[in-house]
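J.: Each chain is listed here by its residues.
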Amino acid sequence: MDAGVLAQYAFNGLMLGVIYAMVAVGFTLFFGVLDVIQFGHGDVVMAGAFVGLATYLGLGALGIAVPAFAVIVVACAAGFTMALAGAFIARYLVLPLRTAPAFNTLLVTLMLGSVLRELVRLFYPNGSNPQPFPRLLPAAAINLGNFTLRLDSTILLVTGLVTIFVVNLIVRRTRLGLAIRAVAQDSETARVVGIDFERVVLVTFAIGSALAGIAGIVYGLYYNEVNFDIGLLLGVIGFSAAVVGGLGSIYGAILGGFLFAALQTIGSVALPVSSAYNNVFAFAIVIMLITWKPTGLIAEPASERV
Amino acid sequence: MQRFLLAACTCVLGFAAAIAPVAAGAKETVKIVFIGPLTGGNAALGLGGRNSADLAVQLHNGDAKAKYAFDMVKLDDQCKPDIGVQVATKAGADNSIVAGVTHYCSAVAIATVDTYHKFGLPVIVWGAVLPAITYGNDYPEIHRVNGTMINQNEQNAKLVTSLGYKTWVIIHDTTDYGKGHDEYFTKFLTQDGGKILADFGVGADQQDFTAILTKVKELNPDVVYFGGLTPIGVRLRSQMDKLGIKSQFEGTSGIVSDSYIQALGPISEGTIAFIDGAPIEKLPGGRMFLEQYAAHKYAEPPEAYGAYAFVAANLIMDAIEKVGPDRKAVIAELAKTKNHPSIVGPVTFDDHGQNVVPIVTAYVVQDAKWVVWQDSDYAKGKRKLAGQK
Amino acid sequence: MRRVAATDRRARSVSASGLVAVVVGIAACGAWLWAFLATDRVWLVAALLVVAAIAFVLVPRVDAVGAYRDAFARHRRVAVALSALAVLGVGVALYDQPYPLLMLCTVLLFIVPCIGLTIQTGYAGIVNFAGAAFFGTGAYTAAVLASRHVPHLAGIVAGGVVAALVGSLLILPMLRTRGYYAALVTIAFGILFSTFLEVNNALGGPQGLKLPGIDLVGWKFNRDVAVGGERASFYVNYVVLSLALALAAFVFARRVERSWVGLAFDAVRLDETAAAAFGIDIARAKILAFTLGNFLCGIAGAVYSMMQGFIAPNNFTFGESLILVSIVILGGLGNPLGLVPAALVIVVVPQKLQFIQEYRFLLYGVLVILVVLFRPEGLLPRRAREYFAGTLR
Amino acid sequence: MTFGGLTALDALDLDVAGGEILGLIGPNGSGKTTFFNVLTGLYRPRAGRVEFAGRDITGLAAQKVFRAGIARTFQRSRLCLPLTVFDNLMIGNHVRLQRHLAFNVLRRGALRREFDANVEASRALVATFNRRLATRLFDAASALDMIDRRRVEICRALVSAPRLLLLDEPSAGMTHGETRELMDDLLQVRAARAELTIVIIEHEMNVIERMTERCVVLNYGEKIAEGPFHAVAADPRVQEAYFGQATA
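Protein chains in written order, with my numbering: chain A, 1 to 306; chain B, 1 to 389; chain C, 1 to 393; chain D, 1 to 248.
In short, the hints are calculated from the structure, not lab data.
Computed from a predicted structure; not experimentally measured.
Watch out, some of these pointers could steer you wrong.
Unchecked claim - Straight-line distance between alpha carbons at most 20 Å, and here's what the computed SDA-like set of lysine to any residue pairs gives:
1) A/Lys293 to C/Arg176
2) C/Lys210 to B/Asp114
3) C/Lys210 to C/Pro151
4) B/Lys31 to C/Ile54
5) B/Lys282 to B/Pro341
6) B/Lys118 to C/Val225
7) B/Lys195 to B/Asp138
8) B/Lys118 to B/Tyr293
9) D/Lys223 to D/Lys64
10) B/Lys187 to B/Leu243
11) B/Lys118 to C/Ala232
12) B/Lys322 to B/Leu59
13) B/Lys158 to B/Val372
14) B/Lys297 to B/Gln262
15) B/Lys282 to B/Tyr293
16) B/Lys118 to C/Arg176
17) B/Lys246 to A/Gly145
18) C/Lys220 to C/Gln97
19) B/Lys118 to C/Pro151
20) C/Lys210 to B/Val372
21) B/Lys118 to C/Ala226
22) A/Lys293 to C/Asp96
23) A/Lys293 to C/Leu169
24) B/Lys282 to B/Asp258
Stated by the list, open to error - To list a few chain B residues with every Cβ distance to chain A over 12 Å, as calculated:
25) Gly48
26) Asp258
27) Glu281
We treat Cβ as the ideally placed atom computed from N, Cα and C, and that holds for glycine.
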């Protein structure tokens, strides 16, 4: 196959990877502060996409049709709503279960996921069917042999990377980030030095979920279609990416996201057997990777004091 | 906790009241059952079918001349075989239920045939297309109004080869539905001299097909054939467009739905697909069906198989009207079904209970509508499909 | 000396009254179960659920319960036997109603793999998100062997063995990883498993496989049972078998827990470093727990598939594994007894909600969330290890 | 033994005579605990060898070291809090219990006998520490207060009758009163088993003074002094290590 095709694969892979990474970062943030997994996170992405969609239709009703403006409003709406949702989830579903076994958080968030899914399916007009997502970005395309580079996809790729980068900045450079990392390191000590633990948790969930909401928009604008049931698989993949990368590490999550995308791409094109095996392939590799690096590729600092 | 549960109960009772059947005069009320996927990924088609069957019952109960009033129990099989067996048992064991309009998902339909046979409950399958459901057994209880994937793909292959296309790439989901279509289309297409460049299976919940499609782009076939349902159909078509693939796109009955067009907008133009049955709009009954459906203000569209659920429910009710609410009699009566007029054309059950004269209708999307091929601008040559000379 | 005699006498009288309490309690539960399975009336289902809810809310608060619990603890054997009889009684009472019987079997057959997961997750702390995969391994093994005319009993046992063997593929990753990392290993395996079955046509592919009804040395399970003039549904056979299986698994898990083995499992779960420092062989404990659990999953899967008469890959997806895990957590991690109410909630309640059609999963999800929020430790939290009746004081 | 560049333990040779009580002291981070961890096989030493009772146990896995007869307590309490006191003790005694599944599941009668015997033994052992605690054998460890937890931890290390007992800061997190109590208990136990060798890591100098015949001072992973407590305490290098230049 020629360079153009390879470039095409690479670009598709990157695009997929950035979406996965955005989801995975959420998982890794939540795990960092609270050592829990929010299994409904994938459906938060889906909900974000639908909020964005509804906002767009609302704008249309108001007669506002400037794409450039609309896309920003839509993204903000999704991000903001999901941020609130995230804080709500943390406050009423996750924190109350801190004392209980970690698994109960798992069960509750799983159920949360299916509740979100059913809500959209039942109460979004004709929600059981795939919904068209507006093409809000300039669709200009450059053809280089077999490689079609589309402007909108490029914008999305950049947006995704930038958002992740910003979140990373917040966590690494700001006082808030300092608090988050402190809690992640050792919540007890953090409390002692007067960090408002609950607030930090809420904010972290807000940030992670906002990221998911924006991921939902990126997803919608890239595929121009959203369906109520995209959440479960996205969640599983995001979780896998976060774990393979190393829970608690943002870079790990990013690495994991792109890695998983790469695996799926390779699985569906380079496999001698039917492309239907691509998930079999991807997850088999995941098992091997975990066996090879039991605490993720970018391992979290082992703090076992004996 | 208690307070919540009480609340739950009250709202539950609310629902119950909401869906309680309309009391129909002093007539004897007969129970029949509808089973289909009402939750999960295939809910859209399931709800369309449920509404259509419900419409049939409503209309029948509205008819003053009718001997019986019908009350339809609606059950959700979640498109899962084991749940299917559970609800099938529930319906079969309930002697007040005389017959059933059952199953959209093939895996569920095939899983439940034994159960219906065990309980002697006559059922008419309204959506599942797997041939083995009727031909894999000789249970008198099992009937099917919609055609199998065999007829559909035979017609499909004939038409598209006649349009002068030479090379194909097949993409199908790995469920029984997609795999079945893959098998039969491959068979008939090769008979008719088409060349298959590649055959891809994709997961039913897969989101991203750019990798596969990039390969397709490289192969550059005349036609991309898709065996699967609307959600993936939509994703495939729009991602083809993204990658600038110019090939003609054709699908199976699974994508003949309003939501396919609604979700894709202009790029759905020119998509070809086939359903087994006469073009509803054409038959007088069909128009009536669509009008009534609209009039009853159902939340969801009937989708591709709604009409079959409607027909199945009517067949059952007609049979019961004739021989009374008795399972054995109904089975005997259904076996006699021959050229029974319906909104999908005359229905005749062969010795396997399979409707043998399913007219296969080719559709093409023209100006954001599914138009019957023969009277489309494409057939008339006013417009050209992708890559047509 | 005299004092001892006195306490003995008191103990005996207490135990007598305790015995009565046990009988009454179990009878009540049996009656509830019967009503819950039999009825389809909305208001009755609701009422029964409310009763259960009230029981679960009030019981921990009532003071007498302590004594009541002791009664159960003292008459462990009796209680288990009576409970089994009660379930059997429910089965007999429903003899001519196939649907409730089927649901009863389903509940019992879901409890078995959940006991397996309890041994893995609840005792040894090995997370397993591939329960359905091992359940499915058993099912497919039984299907293949049955089609080769292998005696069904052998087929069922083989189901368990093969599941355990397939599980051993994961032992190396299991031993190297912990917590969510181990969870991912099983999640990946679970997805891999169902996808593979679907894509690969060797085992029927997505169109699944048909199975015959169980035939244990001439005892044909799919034949209705004729007792005197009455004809009982053939599902009664399956109730008997599933009950026997569930009972065996339950007693086994209990005995494992109440022994040095169970102690080792706990030590490994709670603090691997300390366990190692006291000479406990961590690898051995983990492998043992993992294998036992998968074996149970496989056995149950084999029986379940033959009862269903048909299996397809989408019976054994990641989603199904999550259902099993949900039961284990909801019941109260590490307490096999809690699995009974939990399985009822997760398996039967959605069917009882059929009448609200497409809204049932919404209501169901909300319901489960609320239950967990109100009882963060699960319906019946695990209690301190009581090696033998009455040794906990 | 090095942690990423930092050498935690180095050129430390030290031998313990059977039956003695050795104190191991030194400022924080001087490598005391690391020394225990190397001994008990939680860490592998880069160089050097550990010999126990004439047998080379260098780099053996923790399980093997324990089986060889070396038991320890931890600086931070490592009891299994949800479990009962008895269960915690049995974890300490596990190597001497019947571990086979078949035995445990099928031969309940035999298990019962083994169980009863162990209950008695545990009660006796705990009683040598504290009679009151002996009555709480089946309470959850989480229900105990700090000193009782520490007692249980030491019992857990003793129940398998080891030949060498390593105590890592037994006084950590306890009041002076509690510490004194604990020391009395320890000396009692010691009196009961003369052959038991004990190595104690401590910051509480009066503990060292009371308990040990001999003690070793570590600093930056090196032995800087050795001898009876008073002699060592007087040693200028030791004072420097503890109080820095100022006092010199």
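J.: Next step is simple, just say for each hint if it's right about the structure.
T.: The hints, checked one at a time:
no.: 1; hint: A/Lys293 to C/Arg176; in the structure: holds, 9 Å
no.: 2; hint: C/Lys210 to B/Asp114; in the structure: holds, 10 Å
no.: 3; hint: C/Lys210 to C/Pro151; in the structure: holds, 16 Å
no.: 4; hint: B/Lys31 to C/Ile54; in the structure: violated, 36 Å
no.: 5; hint: B/Lys282 to B/Pro341; in the structure: holds, 14 Å
no.: 6; hint: B/Lys118 to C/Val225; in the structure: holds, 14 Å
no.: 7; hint: B/Lys195 to B/Asp138; in the structure: violated, 37 Å
no.: 8; hint: B/Lys118 to B/Tyr293; in the structure: violated, 35 Å
no.: 9; hint: D/Lys223 to D/Lys64; in the structure: violated, 27 Å
no.: 10; hint: B/Lys187 to B/Leu243; in the structure: violated, 29 Å
no.: 11; hint: B/Lys118 to C/Ala232; in the structure: holds, 14 Å
no.: 12; hint: B/Lys322 to B/Leu59; in the structure: holds, 17 Å
no.: 13; hint: B/Lys158 to B/Val372; in the structure: holds, 16 Å
no.: 14; hint: B/Lys297 to B/Gln262; in the structure: holds, 19 Å
no.: 15; hint: B/Lys282 to B/Tyr293; in the structure: holds, 16 Å
no.: 16; hint: B/Lys118 to C/Arg176; in the structure: violated, 50 Å
no.: 17; hint: B/Lys246 to A/Gly145; in the structure: holds, 15 Å
no.: 18; hint: C/Lys220 to C/Gln97; in the structure: holds, 19 Å
no.: 19; hint: B/Lys118 to C/Pro151; in the structure: violated, 24 Å
no.: 20; hint: C/Lys210 to B/Val372; in the structure: violated, 39 Å
no.: 21; hint: B/Lys118 to C/Ala226; in the structure: holds, 16 Å
no.: 22; hint: A/Lys293 to C/Asp96; in the structure: violated, 57 Å
no.: 23; hint: A/Lys293 to C/Leu169; in the structure: holds, 17 Å
no.: 24; hint: B/Lys282 to B/Asp258; in the structure: holds, 17 Å
no.: 25; hint: Gly48; in the structure: violated, 9 Å
no.: 26; hint: Asp258; in the structure: violated, 8 Å
no.: 27; hint: Glu281; in the structure: holds, 21 Å
The structure fails to meet hints 4, 7, 8, 9, 10, 16, 19, 20, 22, 25 and 26 from the earlier list, while all remaining hints are met.
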